[in-house]
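Student: The residues making up each chain are set out below.
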Amino acid sequence: MKPFITIIITGTFAALLPLLIGDNPYITGVLITVLMMAALASAWNILGGFAGQFSFGHAAYFGTGAYTTMILLYQWNINPIPGIMAGIVAACIIALVTGSIVFRLRGHYFGLASIAVAEIVRLTVLNFEFTGGAQGILVTDVALSGLDLNSKNPFYYGMLLVLVITLLISAYLRTSKTGFYLQAIREDQDAAASLGINISQYKNRALLISASLTSVLGSLYAMYIRFIDTNAVLDLRLSIEIILTAIIGGVGTLWGPVLGALLLVPLAEMLRTNILGDALVKAGLVSETSPIGIFLKENLAHAHVLVYGIITVVCILYLPKGILVLFRRHK
Amino acid sequence: MLTIENLNASYGEMQVLRNISLAISAREIVSVVGSNGAGKSTMLKAISGIIKSSGTISFNGAPVSNLPPHLIVQRGIVHVPEGRKIFSEMTVVENLMMGGYLHQKEIKKNMERVLTIFPRLAERKKQLGGTMSGGEQQMLAIGRGLMGNPKLLLLDEPSLGLSPLFTDVVFSAIGEINTLGVTVLLVEQNVYQSLKISHRAYVIETGSIVLTGTGSELLNNQKVKTAFLGM
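Chains as they are written, first to last, in the numbering used here: chain U, 1 to 331; chain H, 1 to 231.
Extracted from the complex, chain U is given alone in its bound form (with noise of 0.2 Å):
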């Protein structure tokens, strides 16, 4: 009980937090950046760090969500709710699709087949007129009855839910038979075959868990952006922060993806805005005229990536397990 207990009262903290921050649209929009990786690394934790199978495309389902629910929006004017819905059947369409091809195989075939599905899923919606092709789609005004979605807390809200479910099943899936079963599979796929578990329908399972949560947070994505096209929603380079997030933070793990996004998220933001290359300057350390300052002035912005591979290395040199480990004493 403890585990659910403890997101939940986190989750009623993090609910109150707007609260306190008042009408400040900068911090409530890092904040959502923060709960949708947190929840996109935490839906993708389900997969790879509970059943070991690393999706290497999980911008997929993140994009099918999105697009879909800007669709049905766009063309036909249908209400974003039952968008969100129309956005999981079709993400599980292509994770079920996925899964009962490439599960069958051995190996590591999933991670790779999952990036040739995610580049298939691009260029199929980057190709297509209705799809708004590589223009993307772009809507001007969502109405959903009853709620201001001018304002950034409707998406606040969503995002914090979406997170509370995905760790809620998480911490479920953790002390359930399936949990278990996908636990056996990670270690040892042939011994938990040899005990009777039927492998690619446990692996096809956790795939469908987080390939829904996925599309959710697509969608709300997209509902709160209103705007999207392949670069933002489809491209390999979300499908990476995802695992990447996961990875720095703790595989496996329940708040492991959690406490990623709650480091990554901000520093990249911190990085993009410059606030780190003005810190130097303001600190002494660099000059803003000297050639490092120069150089950090016009190209710090665009290495949040950069940061992110050298914490990578730096993690799995050190600190295998994520950063979590950091916060137990033991295990």
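In short, the hints are calculated from the structure, not lab data.
It is possible that part of the hints are untrue.
Only pairs whose alpha carbons sit at most 16 Å apart, straight line, appear in this in silico EDC-like list of lysine to aspartate or glutamate [said to hold, decoys possible]:
no., chain 1, residue 1, chain 2, residue 2
1, H, K52, H, E106
2, H, K126, H, E94
3, H, K125, H, E94
4, H, K151, H, E106
5, H, K52, U, D190
6, H, K125, H, E112
7, U, K177, H, E5
8, H, K151, H, E28
9, U, K321, H, E89
Following the hints, position chain H against chain U.
Tutor: Chain H only, in chain U's frame:
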């Protein structure tokens, strides 16, 4: 109980099993002995469906060749793989529960049976699998297999890497399991010990069966003596 006819299996271009035919009757202990690389483990993997093969394998009259592993387990053939392959991050009890996957209702009864056969495991219920000694892990692997209510238990090199003391424990446990009504197909490099407890045995060399007989016949066979027992 288990009949194999003209079993062939390959890894890519390399053929590992050539026209293997053998039969096991209910309640027997049958061992397959042979040197490293003779194809013993491959044969077990083909029976349990982990690798594809050609030829016919039938179990209690029904064909089971090339069925997916989880369906073969459902028929009552349980494979205890080489190298034990226990779940190292799970406790002894959790490992055993995993073995009871297909027989949830009988978990309690089966667990008691396993803990009676291996009292050592009863002492270490809460220990993580990965922290146990090789012999204890082997007991756990066999115990986990027994949780699946096997009619036929396939044991792959259960004495591999064990101390003489644990080897004796494991072999006497195999005898005990057999007296409980479980048929055992044993694959071993420890030729002397396995022939001693087996009703019948097959000698396999480079993928073919070259010799067969009762355990004691083979123990006294000159060829077996010079090739495997160093006598």
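Student: Could you grab the alpha-carbon distance between H/K52 and U/D190 and see if it respects the 16 Å cut-off?
Tutor: 14 Å, holds
Student: Keeping to a limit of 16 Å between CA atoms, is the pair of H/K151 and H/E28 held or broken?
Tutor: Judged against 16 Å, a Cα distance of about 11 Å means the pair holds.
Student: Holds or violated: H/K151 with H/E106, Cα cutoff 16 Å?
Tutor: Holds: H/K151 and H/E106 sit about 15 Å apart, inside 16 Å.
Student: Keeping to a limit of 16 Å between CA atoms, is the pair of H/K125 and H/E112 held or broken?
Tutor: Answer holds: H/K125 to H/E112 is near 12 Å, not above 16 Å.
Student: Within 16 Å, alpha carbon to alpha carbon, are U/K177 and H/E5?
Tutor: 39 Å, violated
Student: Could you grab the alpha-carbon distance between H/K52 and H/E106 and see if it respects the 16 Å cut-off?
Tutor: The hint is violated at about 31 Å.
Student: Regarding the pair H/K125 and H/E94, is the alpha-carbon distance no greater than 16 Å?
Tutor: Distance ~9 Å between H/K125 and H/E94 Cα, so the pair holds.
Student: Checking one constraint from the list: CA of U/K321 to CA of H/E89, max 16 Å. Satisfied?
Tutor: 14 Å, holds
Student: For the pair we were handed, H/K126 and H/E94, check the Cα-Cα distance against 16 Å.
Tutor: Between H/K126 and H/E94 the Cα gap is close to 9 Å, so the pair holds against 16 Å.
Hints 1 and 7 from the list above are not met by this structure, while the remaining hints are.
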